[in-house]
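These are the residues of each chain, in order.
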Amino acid sequence: MWKKRVLALLIIILGVGISFFVFKSEPKLNKNIANSNSFLKNHPFRLGLDLSGGSHLIYKADTSAVPAGQVSDSMNALRDVIERRVNLFGVSEPVVQVQNGGLLSGNNEEKLIVDLPGITDVEKATAMIGQTPLLEFKIEAPAGTPKTATVGKDGTVNINADPQFVSTELTGRYLKKATLEFDSTTREPKVGLQFDATGTKLFAEITKSNIGKVVAIYLDGAPISTPVVREEIPDGTAQISGSFTPIEAKQLVGRLNSGALPVPITLLSRQTIGATLGTNAVHAGVKAAIIGFLVIALFLIFWYRLPGVVAVLALIIYIFIILALFKLLPVTLTAAGIAGFIISIGIAVDANVLIFERVKEELRSGRTISDSVSRGFSRAWFSIRDSNISSIITAIILFWLGTSLIKGFALTLGMGVLVSMFSAITITRIFLYTIEFVGEGKVARFLFSSGISK
Amino acid sequence: MFIIKNKKVFISISIGLVILSIISMFVFKINKRLGIDFTGGALTEVAYTGEVPTQSDLDQVLGTASLGTIIIQPTGNTGYIIKSKDLTEAEHTNLLSALSEGGKYKLEEKSFNSIGPSVGQELKFKALLLIILISLAIIIFISYAFRKVSKPVTSWKYGIIVVLTLLHDVAIPVGIFTILAHFYSAEVDTLFVVAVLTILGLSVSDTIVIFDRIRENLRNQAIATKINFSETVGKSLEQSYVRSISTSLTVILVLLSLFFFGPVSTRYFALMLTAGMFFGTYSSIFLASPLLVLVEEWQVAAKDKKSLKKKK
Numbered sequence: 391m392w393k394k395r396v397l398a399l400l401i402i403i404l405g406v407g408i409s410f411f412v413f414k415s416e417p418k419l420n421k422n423i424a425n426s427n428s429f430l431k432n433h434p435f436r437l438g439l440d441l442s443g444g445s446h447l448i449y450k451a452d453t454s455a456v457p458a459g460q461v462s463d464s465m466n467a468l469r470d471v472i473e474r475r476v477n478l479f480g481v482s483e484p485v486v487q488v489q490n491g492g493l494l495s496g497n498n499e500e501k502l503i504v505d506l507p508g509i510t511d512v513e514k515a516t517a518m519i520g521q522t523p524l525l526e527f528k529i530e531a532p533a534g535t536p537k538t539a540t541v542g543k544d545g546t547v548n549i550n551a552d553p554q555f556v557s558t559e560l561t562g563r564y565l566k567k568a569t570l571e572f573d574s575t576t577r578e579p580k581v582g583l584q585f586d587a588t589g590t591k592l593f594a595e596i597t598k599s600n601i602g603k604v605v606a607i608y609l610d611g612a613p614i615s616t617p618v619v620r621e622e623i624p625d626g627t628a629q630i631s632g633s634f635t636p637i638e639a640k641q642l643v644g645r646l647n648s649g650a651l652p653v654p655i656t657l658l659s660r661q662t663i664g665a666t667l668g669t670n671a672v673h674a675g676v677k678a679a680i681i682g683f684l685v686i687a688l689f690l691i692f693w694y695r696l697p698g699v700v701a702v703l704a705l706i707i708y709i710f711i712i713l714a715l716f717k718l719l720p721v722t723l724t725a726a727g728i729a730g731f732i733i734s735i736g737i738a739v740d741a742n743v744l745i746f747e748r749v750k751e752e753l754r755s756g757r758t759i760s761d762s763v764s765r766g767f768s769r770a771w772f773s774i775r776d777s778n779i780s781s782i783i784t785a786i787i788l789f790w791l792g793t794s795l796i797k798g799f800a801l802t803l804g805m806g807v808l809v810s811m812f813s814a815i816t817i818t819r820i821f822l823y824t825i826e827f828v829g830e831g832k833v834a835r836f837l838f839s840s841g842i843s844k
Numbered sequence: 048m049f050i051i052k053n054k055k056v057f058i059s060i061s062i063g064l065v066i067l068s069i070i071s072m073f074v075f076k077i078n079k080r081l082g083i084d085f086t087g088g089a090l091t092e093v094a095y096t097g098e099v100p101t102q103s104d105l106d107q108v109l110g111t112a113s114l115g116t117i118i119i120q121p122t123g124n125t126g127y128i129i130k131s132k133d134l135t136e137a138e139h140t141n142l143l144s145a146l147s148e149g150g151k152y153k154l155e156e157k158s159f160n161s162i163g164p165s166v167g168q169e170l171k172f173k174a175l176l177l178i179i180l181i182s183l184a185i186i187i188f189i190s191y192a193f194r195k196v197s198k199p200v201t202s203w204k205y206g207i208i209v210v211l212t213l214l215h216d217v218a219i220p221v222g223i224f225t226i227l228a229h230f231y232s233a234e235v236d237t238l239f240v241v242a243v244l245t246i247l248g249l250s251v252s253d254t255i256v257i258f259d260r261i262r263e264n265l266r267n268q269a270i271a272t273k274i275n276f277s278e279t280v281g282k283s284l285e286q287s288y289v290r291s292i293s294t295s296l297t298v299i300l301v302l303l304s305l306f307f308f309g310p311v312s313t314r315y316f317a318l319m320l321t322a323g324m325f326f327g328t329y330s331s332i333f334l335a336s337p338l339l340v341l342v343e344e345w346q347v348a349a350k351d352k353k354s355l356k357k358k359k
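Those sequence lines, one after another, are chains A and B. Okay, so the first sequence: first residue is 391 according to my numbering, each after it adds one. Okay, so the second sequence: first residue is 48 according to my numbering, each after it adds one.
No lab work stands behind these hints, which were simulated from the structure alone. These numbers were taken from a predicted model, which means no experiment stands behind them. Check before you lean on any hint, since a few could be wrong.
Said to hold, decoys possible - What follows is a set of in silico ranges between Cβ atoms, one per label pair, in the way DEER data are often shown:
no.: 1; chain 1: A; residue 1: H673; chain 2: B; residue 2: G150; range: 29 to 35 angstroms
no.: 2; chain 1: B; residue 1: L175; chain 2: A; residue 2: A665; range: 21 to 27 angstroms
no.: 3; chain 1: A; residue 1: A665; chain 2: B; residue 2: I119; range: 20 to 26 angstroms
no.: 4; chain 1: A; residue 1: R436; chain 2: B; residue 2: E285; range: 43 to 49 angstroms
no.: 5; chain 1: B; residue 1: V347; chain 2: A; residue 2: L688; range: 43 to 49 angstroms
no.: 6; chain 1: B; residue 1: L176; chain 2: A; residue 2: I601; range: 53 to 59 angstroms
no.: 7; chain 1: B; residue 1: T122; chain 2: A; residue 2: H673; range: 17 to 23 angstroms
To be verified - Away from chain B, derived, C-beta distances all over 12 angstroms, residues of chain A:
no.: 8; residue: V406
no.: 9; residue: F411
no.: 10; residue: N432
no.: 11; residue: S454
no.: 12; residue: T576
no.: 13; residue: I623
no.: 14; residue: L718
The beta-carbon is built from N, C-alpha and C at its ideal position, and this holds for glycine as well.
With these hints in hand, go ahead and build the complete structure from the sequences.
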């Protein structure tokens with residue numbers, strides 16, 4: 391008996407501790423947060439774009455030119471490059487992630503998702519992300535490849551040189567760094583390139599097999615330099631000399647260094663939410679959660695009396711455990727995610743209701759209170775387990791295959807169901823055993839009954 | 048028990064409601080109510096900070112902006128929502144300058160959402176895939192959970208009945224939604240799909256609790272006497288309907304608070320879930336259990352026929 395009381399006390403202390411953490415780590419609730427320790431400072435709620443305001447961009451990556459086995463590598467490289475560019479833009483906590491194509495996503499498109507919190511004027515940001523310095527190295531096509539010519543409206547003839555060159559594996563993704571150089575005699579600006587290990591090997595092979603031929607350097611699909619190879623270059627350095635002005639050359643170096651995009655991308659969809667809309671949604675969500683909780687608490691206490699009070703206590707602990715998990719994991723909260731959490735408050739009570747109805751039945755059949763309580767728990771367990779498993783299965787499949795909005799909802803709902811199984815069963819049980827001291831009198835039986843019965 | 052005795056009446060009511068819902072889907076053309084999440088397109092919400100131009104004014108200006116078909120809806124006192132095809136950055140800038148009529152009206156862009164058609168296609172595919180996978184997972188899980196209850200009704204039949212009630216629980220809220228969509232211009236969006244899938248998860252858990260009670264009572268009775276199936280089901284219902292209603296009530300209470308006080312973006316979502324929860328509870332009491340008894344009666348009838356044939 392005493393052991394259980396100590397355990398119950400420990401749970402209450404732990405619950406108070408968790409709630410203390412939840413409150414103290416929230417800048418809006420703790421005015422003193424600047425002076426708090428870094429653990430508290432580093433754990434505010436993480437709000438999604440629809441709540442904090444900001445932009446959500448989805449890009450399609452054209453991986454048709456990438457060999458099949460290297461798609462995921464080059465997508466990761468793409469992510470790193472975009473991340474660097476976005477960071478240059480000064481966005482706080484941007485999220486850049488790859489969404490792999492495949493059988494289960496409906497098509498084979500590789501996508502890149504860019505979240506820019508706080509940025510609602512994305513014109514500049516998208517321009518910066520979209521500016522694709524796609525660097526390619528091409529070699530002469532075998533002799534006999536026909537040239538294509540088009541006659542313009544005004545009678546000029548354009549000879550298209552592109553078919554003369556064929557792509558090689560060497561692209562900007564193997565670039566280590568670019569530097570601005572000046573020719574020692576002509577003072578003409580040049581761009582120096584340094585490849586990484588793979589790039590060096592590729593470049594050595596290309597130059598070796600093309601001595602005396604042209605290797606064209608393309609930037610964003612247009613040839614910018616068509617030097618003739620004189621000898622094999624084994625050290626992985628190359629120079630682009632075109633008719634650059636010094637400023638153009640400097641810009642090119644900057645863009646190449648900030649990352650030549652390994653695969654070309656196009657903007658598929660864009661979502662921008664103003665900050666005021668988000669703040670309203672947060673307030674509404676919090677209000678709905680509080681009112682929902684109060685209504686449930688009233689219902690539980692009115693209908694289930696003493697066990698109801700215990701269930702409300704367990705529910706409060708449940709809410710704080712979940713909120714603390716949201717902060718610690720961290721879970722990015724969206725409007726749909728908050729809805730999932732609010733629904734989980736309703737579901738969390740489910741297990742308690744099952745148990746209390748069982749306890750009531752056992753009481754009716756004439757058992758003692760403590761006997762009824764322990765039988766109620768053990769007999770309700772199977773239906774609690776089975777009914778929650780179906781919710782968990784649903785949440786897992788939604789999280790596994792859903793789009794980001796669906797994932798947010800599935801995560802909070804699934805976490806809610808899992809944690810509530812613990813809180814509603816374990817915590818309630820310990821508390822109920824602790825208050826057995828009310829004895830077996832009429833008052834006690836009244837307190838453990840429910841509904842409109844006496 | 049009353050419900051089991053009148054099972055055919057209750058099953059008919061459910062069938063009637065489902066048929067009504069399907070009719071409303073066709074009459075109010077739910078396929079025309081797909082939001083930009085599915086079809087691709089752009090949604091721009093603006094609020095004017097000073098003077099607000101009239102709608103006909105904007106219709107005229109935007110008509111000349113060559114941005115395709117544009118639908119303008121007022122929102123609040125100072126704002127408009129503009130629906131159009133998906134917009135590039137340049138087109139988006141054009142739209143904003145047209146809305147301010149070249150700087151005449153000051154405005155704030157509250158949200159902008161442009162979705163390419165391929166994203167919409169993907170969501171359509173995923174929504175279908177999710178519904179199929181979740182239904183399959185539920186059948187498999189129930190067949191597993193009820194594997195020991197093979198008499199008198201085999202466990203996979205429990206699974207099929209659960210899925211039938213699931214279809215019922217999803218069809219009716221969707222039917223209600225189509226009516227809402229018609230009169231309050233709600234749209235089928237990602238949250239709609241989430242709502243449908245959540246109803247699947249929630250309503251099955253309710254049905255499982257009642258089936259679980261039937262399972263337990265069958266096990267206890269099997270030893271004592273010869274099983275009277277319909278009586279056992281009736282008794283199980285009597286024991287569990289209070290619980291069923293109380294738990295659904297708690298979820299419905301929070302959903303209603305989400306509907307009345309929650310964010311605007313999840314309002315229809317909350318309403319659909321409320322309907323789903325209500326009919327999910329209704330169906331586990333008034334549809335799933337009566338169906339179970341009906342299946343058993345069919346089995347008995349089929350057996351009698353067989354033995355009759357043998358005698359002949």
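ask   = Does the Cβ pair L175 of chain B, A665 of chain A satisfy 21 to 27 angstroms?
value = 36 angstroms Cβ-Cβ, so the 21 to 27 angstroms window is violated.
- Item | Cβ distance range 20 to 26 angstroms for A665 of chain A and I119 of chain B, holds or violated | For A665 of chain A and I119 of chain B the Cβ distance comes to about 24 angstroms; the hint holds.
Handout entry: Claimed clearance of chain B by L718 of chain A, with the beta carbon kept past 12 angstroms
Key = holds, 24 angstroms
- prompt: Does S454 of chain A really sit off the interface, with its C-beta more than 12 angstroms from all C-beta atoms of chain B?
  reply: holds, 15 angstroms
Q) Minimum Cβ separation between I623 of chain A and chain B greater than 12 angstroms? A) The claim stands: I623 of chain A keeps its Cβ more than 12 angstroms from every Cβ of chain B (closest is about 40 angstroms).
Notebook entry, point to check: Does the no-contact call for V406 of chain A survive, Cβ to all of chain B over 12 angstroms?
Noted result: The claim holds: V406 of chain A sits with its nearest Cβ about 25 angstroms from chain B, beyond 12 angstroms.
Please verify that the nearest CB of chain B lies beyond 12 angstroms from F411 of chain A's CB.
holds, 25 angstroms
| query | Is the gap between the beta carbons of V347 of chain B and L688 of chain A within 43 to 49 angstroms? | reply | At roughly 48 angstroms between Cβ atoms, L688 of chain A and V347 of chain B fall inside 43 to 49 angstroms, so the hint holds.
Assessment of proposed distance window 43 to 49 angstroms (beta carbons of R436 of chain A, E285 of chain B): holds, 48 angstroms
- Message: Just to be sure I understand the hint, the distance between the Cβ atoms of T122 of chain B and H673 of chain A should be within 17 to 23 angstroms; is that true here?
- Response: With a Cβ separation near 18 angstroms, T122 of chain B and H673 of chain A satisfy 17 to 23 angstroms, so the hint holds.
T576 of chain A non-interfacial with respect to chain B [C-beta, more than 12 angstroms]: The claim stands: T576 of chain A keeps its Cβ more than 12 angstroms from every Cβ of chain B (closest is about 40 angstroms).
Review point. Taking 29 to 35 angstroms as the hint, is the beta-carbon distance of H673 of chain A and G150 of chain B inside that range?
Key: Holds, at about 33 angstroms.
Consistency with the previously given hints fails for number 2 only.
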